[in-house]
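Next come the chains, spelled out residue by residue.
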Amino acid sequence: MKLLKLVPDNTNLDFMRWRNIALILSIIVTAASIALVSTRGLNWGVDFVGGQSVRVTFSQPPNLDQLRSRVNGLGLGDASLQEFGSPNVISIRMPLPAGGETAATRAASQVRAAITQIHPDARFDAVETVSGKVSQELLRSGALAIGLAMLGIAIYIWIRFEWQFGVGALVTLFHDVWMTMGFFSLSQLEFNLNVVAAILTIVGYSLNDTVVIYDRIRENLRKYRKMEIVPLLNLSLNETLSRTMVTSLSILLALLALLLIGPDVIFGLTIAIFIGIFVGTYSSIYISSPILVWLRVTTASFLPKDPVSRAERGPRNEGYDGAQV
Amino acid sequence: MLNFPRWKVWGITLLCVFGVLLAVPSLIPANVMAGMPSFAQQIRDKVHVNLGLDLAGGSHLLLEAEVADVSRQRLESMEELMRRELRRASIRIGEVSTSGGQLSFVVRNPAQLGEARQIALAQSQGGSALSATQDWDVSVDGNRIAMRQNQAGIARAIDEAMGNAREVIDRRINQLGTLEPTIIRQGSSRIVVQVPGMQDPEALKQLIGRTARLEFKLVAPLSEEQLRSGRAPPGIQILPYVENGQSRPMAVQRRAMIAGDQIADARQNYNENGEVAVAITFNSAGSHRFARVTQENVGRPFAIILDNVIISAPNIREPILGGSASIAGSFTVESANQLAISLRSGRLPVELHVIEERTVGPDLGADSIRLGVIASIVATLAVILFMLITYGRFGVYTTIALILNGLMIIGIMAFFNATLTLPGIAGFVLTIGAAVDANVLINERIREEQRRGRRLLDALETGYKEAQTAIFDANITNVIAAVLMFYFGSGPIRGFAVVLMIGIVTSVFTAVNVTRMMVALWVRRARPKELHI
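Order-wise, the sequence lines are chains U and E.
The numbering of the first sequence is this note's numbering, which starts it at 264 and goes up by one.
The numbering of the second sequence is this note's numbering, which starts it at -18 and goes up by one.
Derived from the structure by calculation, the hints contain no laboratory data.
Nothing here was measured: the structure is a model prediction, and the numbers come from that model.
Don't be surprised by glycine CBs; every beta carbon is placed ideally from N, CA and C.
Among the hints, a few may not be true.
Quick look at which bits of chain U chain E covers, simulated, 3 or more residues with Cβ under 8 Å [unchecked claim]:
#: 1; region: 401 to 415
#: 2; region: 486 to 500
#: 3; region: 531 to 541
Reference excerpt, derived from the structure (chain U facing chain E, CB under 8 Å, subset only) [stated by the list, open to error]:
#: 4; residue: A298
#: 5; residue: S301
#: 6; residue: L305
#: 7; residue: A389
#: 8; residue: L512
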């Protein structure tokens, strides 16, 4: 039986040759993402700006203008109506109404009543109302969680490897998170709590690749004391390339199934992780690794402090006891 | 590599069998389950995955207490208490003030100042008499004694009020029928209410949103100018009287004749004029008191006040001795029913506001489950196919590990009665895709070691050993992200984090230990000379 090999044996690509071009490209795209998010902004969901979102299924496609004027007639602010997946399903977004923390939930009751009045057959699939206070808290805790996750992972990498690797991880994560945000600004897909969960997932998984590559770099730094750093990085990247491809592809395959078949409600979450895996795979090769060159990682960085025992044991594998025989 | 002791084989096998068995009850559809014997259903009740509101359908409400309400109420009751205690001790006071959140008064006779202070100190003791903590700070300035609530006192009062509120909400929701609500306190002044299967939260919101503080007070005569100025003399307050949708001010005595906490029962009915009304029955203390005040005040009007709004102000035509009364006041049958439920279950000790509401209809939830399950199966099949064409025999081992992993995630979630949410399904699919990573790392390493010219056994040994650090470090980063997600996230997101965390543990276990065992058993039995990988 002939087995599939995504990456042929003895592949030897000169990744590092393009590192400066890749860096410039990454900086430009990241800067563009940040600029896009700060000028065009994100399509914030009710989770983060408050207000209400109602999803209604009608038995027949409703008259949108009539529906809009009815809802706007309530004097609760400008409603935006959108088809959601099918012409029978309408999603109604309304801004945070004035009048204290309870105004949003009272407005939801009014909208519900108004729609039922003209369409008694309307089925309310989802109603979400979030007050200004709660949305601010959600925004704050979401941002905090992402920040802490990035920092926590960078510190972990620093402890397990060296400080240069920690910095590399942090810069990689910064790049990945902003690229995802940039995508959401560009596509104007709704940015809600699910997307924050997706970003946290990306923070975890995009670093998967980076860690595997770092692990190999560390191993090779110990093994080939005489090798220059650039060829050593190339070697490590090539050695792990097959694994990087197979794992990324299998995650993308699974996510593709969810994107194409899965419920519309989690489309944002799935697409965010999908994009994040792409970006993460790129950045583990072209951001995490070249940074080590600029931060002057050398074979001396991993000089064993206790030469005899380290040399005998080879790469460290303490701390893991899941599968020792 | 070949050294795989028998106990270890048994241990791993047992763990897998146990994990898979735990998953079984959650995988049997509800309609099949209904036809099974009762012991099977009992097992299912103990060991099953809960569905989150976004999958099962239902309502989630986040309520926040009006905290200022608690300290204002405490101030009012302290004023009443001090007046009574000082009167009992024959201490005359004046210039009583409750402005600025503190109670202060002037003791007329300076000789009694010390005694008055002792009374104030005695009344401001919180908790049990033994603990001797002061809930109020008492200070004396000249002839004036001031009592101010301290932080500890307010915190304790809020805590008590929230505990009470939780119980009241529980009683009120139970009146709506056979729902299974989850009512949890969150933080110091919030309560989360989750009611699965509830489609229209309006009734719930009405029911929870009402404090249901019912009071009977005598109407006070006040001139039109005084009413309009809104400034009431001491002992009298001005409240809105809502009648037929019109609101006008009306003056009543500050002191209540009788309060709602002396109600034993309340029902919706119709009064003698055929209007929708709420019939209330007082408890014995309440009916005695009601009989006495109605006797003393025949011919005078009194106001029935609900949550600081006068809903009706009839004249007392005759003493009411039976201990029951009927309240009419532009009710519909529905609103009268809700009021009756609220009165029966007691008043909320503090006003609660709905600050977040999320409702999902049951049809949408069912759709989500169906599509989610199909997507999970397709995703698993796609990954399995990919593994088989990439790794051949080792792909089969990876596949077995993958299926075991999926079942064990469900099993562990069932064991802890964890909640599966819609993002959780996404987490499941993601885990299926990522779970093969450990195997990919191992398999690629084995390929590599073979290319370097190592012999089969050596390559297997090195592959498993060298891949371990990478597997460990790579998974820790996911754990860090998932833990933070769980800590900072709310409902559905937590469901996502739970699946990720469980998935990380099970995937490392199945990918490393299970496949290693299978490889070892195969090598021992077949003694292969070479390996296609």
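Verification of the supplied hints:
Taking a C-beta to C-beta cut-off of 8 Å, the region 401 to 415 of chain U contributes 8 residues in contact with chain E, enough for the three needed, and the coverage statement holds. Counting residues of the region 486 to 500 of chain U whose CB lies closer than 8 Å to any CB of chain E gives 0, which falls below the minimum of 3, so the coverage claim is violated. Residues of the region 531 to 541 of chain U with a Cβ under 8 Å from some Cβ of chain E number 3, which satisfies the need for three, so the listed coverage holds. The interface hint given for U:A298 is broken, as the beta carbon of that residue sits about 27 Å from the closest beta carbon of chain E, more than 8 Å.
About 24 Å separates the beta-carbon of U:S301 from the nearest beta-carbon of chain E, more than 8 Å, and the hint is not met. Of the supplied interface hints, the one on U:L305 is violated, with its beta-carbon coming no nearer than about 18 Å to a beta-carbon of chain E, more than 8 Å. Among the interface hints, the one on U:A389 holds; its C-beta lies about 5 Å from the nearest C-beta in chain E, closer than the 8 Å criterion. Because the beta carbon of U:L512 sits about 7 Å from the nearest beta carbon in chain E, less than 8 Å, this interface hint is met.
The structure is inconsistent with the numbered hints 2, 4, 5 and 6, although it conforms to all the rest.
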